[in-house]
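Engineer: Each chain is listed here by its residues.
Number of protein chains: 2
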Amino acid sequence: MTAEAPSDRTRLRRMHQRGAHDRAAIDPILDAGYLCHVGYTIDGSPYVTPTLYWREGDHVYWHGSSASRMLRKSEGAEVCLTVTHMDGFVLARSGFHHSINYRSVMLFGTARKVEGDGDKLERLKVFTDGLFPGRWDELRPVTDQELKATTLLSMPIAEASAKIRSGPPGDDEEDYALSVWAGVLPVVPQFGAPVPCPRLNGGTPLPAHVTDLARST
Amino acid sequence: MTAEAPSDRTRLRRMHQRGAHDRAAIDPILDAGYLCHVGYTIDGSPYVTPTLYWREGDHVYWHGSSASRMLRKSEGAEVCLTVTHMDGFVLARSGFHHSINYRSVMLFGTARKVEGDGDKLERLKVFTDGLFPGRWDELRPVTDQELKATTLLSMPIAEASAKIRSGPPGDDEEDYALSVWAGVLPVVPQFGAPVPCPRLNGGTPLPAHVTDLARST
Numbered sequence: 001m002t003a004e005a006p007s008d009r010t011r012l013r014r015m016h017q018r019g020a021h022d023r024a025a026i027d028p029i030l031d032a033g034y035l036c037h038v039g040y041t042i043d044g045s046p047y048v049t050p051t052l053y054w055r056e057g058d059h060v061y062w063h064g065s066s067a068s069r070m071l072r073k074s075e076g077a078e079v080c081l082t083v084t085h086m087d088g089f090v091l092a093r094s095g096f097h098h099s100i101n102y103r104s105v106m107l108f109g110t111a112r113k114v115e116g117d118g119d120k121l122e123r124l125k126v127f128t129d130g131l132f133p134g135r136w137d138e139l140r141p142v143t144d145q146e147l148k149a150t151t152l153l154s155m156p157i158a159e160a161s162a163k164i165r166s167g168p169p170g171d172d173e174e175d176y177a178l179s180v181w182a183g184v185l186p187v188v189p190q191f192g193a194p195v196p197c198p199r200l201n202g203g204t205p206l207p208a209h210v211t212d213l214a215r216s217t
Numbered sequence: 001m002t003a004e005a006p007s008d009r010t011r012l013r014r015m016h017q018r019g020a021h022d023r024a025a026i027d028p029i030l031d032a033g034y035l036c037h038v039g040y041t042i043d044g045s046p047y048v049t050p051t052l053y054w055r056e057g058d059h060v061y062w063h064g065s066s067a068s069r070m071l072r073k074s075e076g077a078e079v080c081l082t083v084t085h086m087d088g089f090v091l092a093r094s095g096f097h098h099s100i101n102y103r104s105v106m107l108f109g110t111a112r113k114v115e116g117d118g119d120k121l122e123r124l125k126v127f128t129d130g131l132f133p134g135r136w137d138e139l140r141p142v143t144d145q146e147l148k149a150t151t152l153l154s155m156p157i158a159e160a161s162a163k164i165r166s167g168p169p170g171d172d173e174e175d176y177a178l179s180v181w182a183g184v185l186p187v188v189p190q191f192g193a194p195v196p197c198p199r200l201n202g203g204t205p206l207p208a209h210v211t212d213l214a215r216s217t
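For the protein sequence lines, the chains are A and B, in the order given.
For the first sequence, position 46 (counting from the first letter as 1) is numbered 46 according to my numbering, and the numbering increases by one without interruption.
For the second sequence, position 55 (counting from the first letter as 1) is numbered 55 according to my numbering, and the numbering increases by one without interruption.
No false leads were mixed into what you were given.
Listed below are the simulated DSBU-like cross-link pairs for lysine-lysine, each with C-alpha atoms no more than 35 Å apart in a straight line: (1) B:Lys-73 <-> B:Lys-113; (2) A:Lys-73 <-> B:Lys-113; (3) A:Lys-73 <-> A:Lys-120; (4) A:Lys-113 <-> B:Lys-73; (5) B:Lys-125 <-> B:Lys-73; (6) A:Lys-73 <-> A:Lys-113; (7) B:Lys-73 <-> A:Lys-73; (8) A:Lys-73 <-> A:Lys-125; (9) B:Lys-125 <-> B:Lys-148.
Just so you know, these hints were derived from the structure itself, not from any lab.
With the hints as extra help, turn the sequences into a complete structure.
Structural biologist: Next up, the structure:
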């Protein structure tokens, strides 16, 4: 499963069988999520901020207010962007072998600002339509002022590693005879019923891009 | 909602109305989760690693293999531990006002190793029983070797901030008249049906501490 590590910091030090460096492992994990945690430093101290992200080809993108400290401190700086899907609790016969099933990706690199209004708008459209297909064109268009107030960062998917655990607990051989319940309790993210805005313009129908997503889980 | 910021790095720079520094806001967010993202640095570069955590009183704890790079590099070092609950997508009439509903906490401090076998065992019991009440005493006891192979870190909840967004989209006043569907698509984490280990000792019943958790969502 493992390809060559692209750098020392993505070298998998433990549980090699759980890790991978190839895009065939990395991209599906990135594409299955939308929330990441971005790590950056300020005066040498680590900070971790949750934010939405999306992938387009060989890059990941994230964005926010141009006033955001996270975006200002990440731009042109080294970051670590981590995406984690928690898939289940793994209950073993001993405390020691309890674990979780998960899929995670760590990306390292330097965050760069996306410049150019056309490029920014196109990336935001891809982001929006990636979650809610067709929504972008239904929205009130973005104003110049709004675009200016939005910072968009990108990072190439170059220095990356994926780590995956799945399947039942791995217990010590002699423990399998114990009458302790063991197995996996899956965690399944789901969408609830859409809640219309109290000020929704009367008669506005619930679009397919919301119902389809709500049904997808 | 806001109390005095305990430090400059927890001072809420933007969206003050969404933030808080008091334990009445912070503790429920910590207690509602189990997965955090720990930020630390190696040679000045940021790293973000997902791991399980738990709270006991005024401390958070996390643990893993003594060989874990994250634990070795975090011990005695500055870390940022972030917990995020994604509660829903907020769909507005303009792209600019799209948002997410979430609850998050950032904790800053120095991670300390929990020493002493008795203390370590007690913490691990609290962690296990916190998720699965009564499970600890049903398990095959921890061996000295396993305890030695486990590193447990703790950090006081001292320098912390919480951030929360909830409720419907906040659109520009003139946009409420548009016939664009707006509202919230809630994200609801759920547990799936427990999957017994294929090597489960015949007749071992599913314990209440698993079914109760599975039913809790």
